[in-house]
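*Asks:* Residue numbers (my numbering), protein chains in the order written: chain A, 1 to 193; chain B, 1 to 212; chain C, 1 to 223.
No lab work stands behind these hints, which were simulated from the structure alone. The structure displayed is predicted, hence computed values, not measured ones. Incorrect hints may appear among the rest.
Every beta carbon over 12 Å from chain A, so not counted as near; a handful from chain B, in silico [stated by the list, open to error]:
id : residue
1  : Pro30
2  : Val34
3  : Pro67
4  : Ala80
5  : Val83
6  : Ala94
7  : Gly102
8  : Arg124
9  : Leu165
10 : Leu184
11 : Met191
12 : His195
13 : Lys197
Computed list of lysine to aspartate or glutamate pairs in EDC-like fashion (alpha-carbon distance at most 16 Å, straight line) [what the hints assert, rightly or not]:
id : chain 1 : residue 1 : chain 2 : residue 2
14 : C       : Lys154    : C       : Asp177
15 : C       : Lys145    : C       : Glu161
16 : B       : Lys198    : A       : Glu155
17 : B       : Lys99     : C       : Glu173
18 : B       : Lys99     : C       : Asp141
19 : C       : Lys123    : C       : Glu159
20 : C       : Lys145    : C       : Asp177
21 : A       : Lys91     : A       : Glu3
22 : C       : Lys123    : C       : Glu161
23 : C       : Lys154    : C       : Asp141
24 : B       : Lys197    : A       : Glu155
25 : B       : Lys99     : C       : Asp110
26 : C       : Lys145    : C       : Glu159
27 : A       : Lys34     : A       : Asp163
28 : C       : Lys166    : C       : Asp177
Selected chain C positions facing chain A (Cβ under 7 Å, derived; list incomplete) [said to hold, decoys possible]:
id : residue
29 : Leu27
30 : Tyr31
31 : Thr111
We treat Cβ as the ideally placed atom computed from N, Cα and C, and that holds for glycine.
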Amino acid sequence: MSELVWILVAAAIINNFTLSYFLGLCPFFGVSKKIETAFRLGLANIFVMVITSVCAWALNTYVLPYAPYLRLMSFIVVIASTVQFVEMTIKKLSPALFRALGLYLPLITTNCAILGLALFQTNRGYGFFEGLFFAVGAGVGLTLALVLMAGIREETELAEIPDVVQGAALAFLIAGILSLAFMGFAGLFSSGA
Amino acid sequence: MSDRSAFQEEMTKGFWKENPVFVQLLGLCPALAVTNSAINGLAMGGAVLFVLTGSSFLVSLLRNMIPKQVRITTFIVIIATFVTVVDFTLQAMAPTVHKELGAFIALIVVNCIILGRQEAFASRNPVRLAVSDALGMSIGFTFALFLLGSIREILGSGSWMGIELFGAGFEPWVIMILPPGGFLTLGVLLMLFAHWKKRQAAQAARLRKEAA
Amino acid sequence: MDSVKHAGPVRLIATLGLAGLFSGVVLVTVYLATLPIIQRNQAEALEAAIYRVLPGAVSRKAFAVRGDQLEEISDSAAMQVSEGVVYGAYDEAGNLVGFAIPAEGPGFQDTIRLIYGYDPRTKQITGMEVLESRETPGLGDKIMKDEEFLSNFKSLSVEPEVVVVKPGTKSQENEVDAISGATISSNAVVSIINRANQRYLEVLNRATGGTPGEGSGRGQSHE
């Protein structure tokens, strides 16, 4: 059990998908201007990641050993279908939420973090539960990064910033400092434990 | 001939005016992840060039035959095919590069640049223009990655294209080849570009005032 | 161009079907064409690594570890399995030099795959080589290249187990000097080896206990 928790914590904080592995950057820089939106998008991502992880595990175990060249294709089709499904469900269950998230939902498909999750899980040979915990950890880490970035940017809206730094440049500099901060978690996990 | 100049225009806009990384801010994941060295940046650029040009060619060729409702799915199938081809070919022909780029070769399939260009351009334009657009964007992307990779490699490893530059006394600024370095390099570059653009705009305004 | 704006379901399915068919054909072709090359590359790299971690060896055989038995298997079968395989290496006279044990485990950043040589007669590790790692460039990736670190593994005792110590304080035969600035990666390598030792050493020691050589002539030389 502790190893599973470790996988989750490692994915969320120590090897944060966004700040250490450079995944999920498009929403990170595109959506992260309001904490509310960032949080909701993060939750949607977690949901898609968990489903993707389970499907990837099933594919890896039962189908792909016979056709390894279909790995990428099957993963991306699963992701695209899951996102479509999530979109339809949210539209039906909560039109208000759908309107708030609207444009960003289809973008989850091209979020490298989701596909990256499936690929890493495959490379590391994770089983069903390991994959699940990995997915939750990765999703939580992604949400954490999104919310942190949104929070900082909300604050900077009121600050005086030289105009050459405004916009994208500032976002990257903030991201760099965040990434630096997260590197401090490196010693948390001693692989000898 | 307007035909040739249109072709040229499509090709060159991808390099500077609409550079996918520096201007459109697309394809950021590989732009930061594999630019820890100049060669890796070049290799990723090459792979994207193959995938983008091939997909744009096919999509443009078949644009009148793909129904609107399934176009995104069809695009994705085409792109994923090209990416898988690149993945296996690299693994066979250049295993070292393949290992360096790792999972990011497969992640080309969700590179927003590729799907974006199919949707915005290739599916609505004839083959020649689509291919030139693809080439232009790819070259611009490769340039961006090469620039990022070179800066990070020189500062972070003391070498360029694998060639040692500074000798033993140089203490490399290791953070540059780590994730924070990636973010910071791009941030500083964007700052420099913004500054340069500001000066250009100020100059143009000044020239206009003098002419008036 | 308007004719395909709202196509019927047959048209949709046909398009997707054709796309899938085209994709399938291309993928299978490329896969079949590149598979032999990829496998050959992997086999060559592995073979070179085996001979580097077991100096003096010139031929090898693959064994699957089943329970507490060693079962000889073919090279291609060995490449299919991801774990539970060790390689016996033999010198020119056909005597056993030692076993090359591939192992993997979590490093600081992603998985580390390595292979190390073990001599059951001296109960020592004869060499270690990192096959795959994504450790921090300039720091953790020294586990791949740093001569001083690698020399720790040239005659490393495994009893009672391998232990990591602060850089420069190695005093016992079973100790490994960590790389300063890359403690986690150094620890990871030793953990991986200890875990593999726990799994395989008993079987290997027993299989060679008393028998000087496993070689029934030279090992495999095809491919």
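*Asks:* All hints, please: hold or fail.
*Replies:* Results of checking the hints against the structure:
1. Pro30: Violated, because the least Cβ-Cβ distance between B:Pro30 and chain A comes to about 8 Å, which does not exceed 12 Å.
2. Val34: Answer for B:Val34: violated, closest chain A Cβ roughly 9 Å.
3. Pro67: Given a closest Cβ separation of 17 Å, the condition holds.
4. Ala80: Contrary to the label, B:Ala80 does not stay out of reach of chain A, its closest Cβ about 5 Å off (not over 12 Å).
5. Val83: violated (6 Å)
6. Ala94: holds (19 Å)
7. Gly102: violated (8 Å)
8. Arg124: holds (19 Å)
9. Leu165: For B:Leu165, whose nearest Cβ neighbour in chain A is about 24 Å away, the distance exceeds 12 Å, so it holds.
10. Leu184: Violated, because the least Cβ-Cβ distance between B:Leu184 and chain A comes to about 4 Å, which does not exceed 12 Å.
11. Met191: violated (4 Å)
12. His195: violated (4 Å)
13. Lys197: violated (9 Å)
14. C:Lys154 - C:Asp177: Holds, at about 13 Å.
15. C:Lys145 - C:Glu161: Roughly 24 Å separates the two Cα atoms, so the pair is violated.
16. B:Lys198 - A:Glu155: violated (25 Å)
17. B:Lys99 - C:Glu173: Roughly 34 Å between the alpha carbons, so the hint for B:Lys99 and C:Glu173 is violated.
18. B:Lys99 - C:Asp141: holds (14 Å)
19. C:Lys123 - C:Glu159: Distance of about 8 Å is within 16 Å: holds.
20. C:Lys145 - C:Asp177: holds (15 Å)
21. A:Lys91 - A:Glu3: Cα-Cα ~38 Å, so violated.
22. C:Lys123 - C:Glu161: The given pair, whose Cα atoms are some 11 Å apart, holds under the 16 Å limit.
23. C:Lys154 - C:Asp141: Violated, at about 19 Å.
24. B:Lys197 - A:Glu155: violated (27 Å)
25. B:Lys99 - C:Asp110: holds (13 Å)
26. C:Lys145 - C:Glu159: violated (26 Å)
27. A:Lys34 - A:Asp163: It is violated: about 21 Å lies between the C-alpha atoms, which goes past 16 Å.
28. C:Lys166 - C:Asp177: Within the cut-off at roughly 6 Å; holds.
29. Leu27: holds (4 Å)
30. Tyr31: Hint on C:Tyr31: holds, closest Cβ of chain A at ~4 Å, below 7 Å.
31. Thr111: holds (6 Å)
In summary, the structure is inconsistent with hints 1, 2, 4, 5, 7, 10, 11, 12, 13, 15, 16, 17, 21, 23, 24, 26 and 27 from the numbered list given earlier, while agreeing with the others.
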